[in-house]
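K.L.:
Next come the chains, spelled out residue by residue.
There are 2 protein chains.
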Amino acid sequence: MLTLYDDPISSNGYKVRLILLLTGKPFRVVNLDILNGETRTPEFLAINPNGKIPTLVFEDGRVLSESNAILFHCAEGTDYLPSEPFKRAQVLQWLFWEQYSHEPNIATSRFLRQHRELTEDVLAMLEAKKAPGEAALALMERHLTSHIFLVAESFSIADIALYAYTHVAEEGGFALDGYSAIRAWIKRVENVPGFISMSEASGGAV
Amino acid sequence: MLTLYDDPISSNGYKVRLILLLTGKPFRVVNLDILNGETRTPEFLAINPNGKIPTLVFEDGRVLSESNAILFHCAEGTDYLPSEPFKRAQVLQWLFWEQYSHEPNIATSRFLRQHRELTEDVLAMLEAKKAPGEAALALMERHLTSHIFLVAESFSIADIALYAYTHVAEEGGFALDGYSAIRAWIKRVENVPGFISMSEASGGAV
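Chains A and B are the protein sequences, given in the same order.
Counting from -9, one number per residue, gives the positions in the first sequence under my numbering.
Counting from -9, one number per residue, gives the positions in the second sequence under my numbering.
Calculated directly from the structure, the hints in this document are not laboratory data.
One copy or any two copies: either way a pair holds, since identical chains are not told apart in the list.
Simulated pairs of lysine to aspartate or glutamate, DMTMM-like, Cα-Cα distance not exceeding 20 Å:
id, residue 1, residue 2
1, 77, 49
2, 77, 50
3, 77, 66
Could you put the whole structure together from the sequences, leaning on the hints where they help?
P.N.:
Here it is, written out as structure tokens:
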């Protein structure tokens, strides 16, 4: 059986739980407490030298990390990843964009607000992430104004990757009031057959 | 013919030039000057709303951005991307790691040092990127101590993506003296048949 090292506070982890649940792959979860240094122990660094969750371990011991790489691998051959080469490339474009332009601003702001004391330094970091975070949301809003889902008008791992932190963007200080196309897309994602919320996917731990 | 929007100062752009040259795909280049705002014009934003190079435009007008998504797409079906699913996932793991943990520290430090005045704010940014940049190099060093190339002991787009900014890491203030496995790997990459240097790939513009 697959083993997923995860922390229920992570939406990067939620991405992986969701694709495993949607595709019916049995897995067990080992929750590590990021805030308590449990991803930096010698034991876990021996599994993933990058010391990050989510990390997926296969039955034969092979290890895969990076949430979006895991998403792509688990979705291969399913309806959640198109088979046509250019559409696959468009999915990857969104996945890379998420990790470079969206997550470091919106997810990190949420983490700082929820788990760090709001010192002057932390407030300066939050301030620096405001404009690029809003720019990321504006780009999604523009795209979703004329598209039902991010790629090929069909729900895919691109939507999973972007839903993960967008639906909790307000917890990072990014109000979604002005983004009506994003709010409508969030509802469409939540109505996809088999959809499971972040709270449900982590057994109610968040 | 393919059209590549690029800036010769970008190693993200170099990744794409290199895979296009290695795979023999004819392309023309339109160089835009990032420093002069040429990626933020209405004309270019109509092509790529994210306002970033590299951006690849196909003959029929389809557009693909994000350097590593372009790498993956252009390498599909070639020796530069394994066909075995788990090896492909490992390539993607490195590509996502590069964009999240390597490029924002090492490439951004190089950009700041080369193109920004070293004000107190910029020096503070450089200082903040020092430890995560060294951690990224240490992770590569550890992996390359026991591997010839990053995935499957075979040169792939994972090596292209990591070579792009690692071989110029010193320009970002990251000395490679202590990283002998990385230095040996850089030489192996440069000895791959058909390899073209960043300077050659941009027609000597850098």
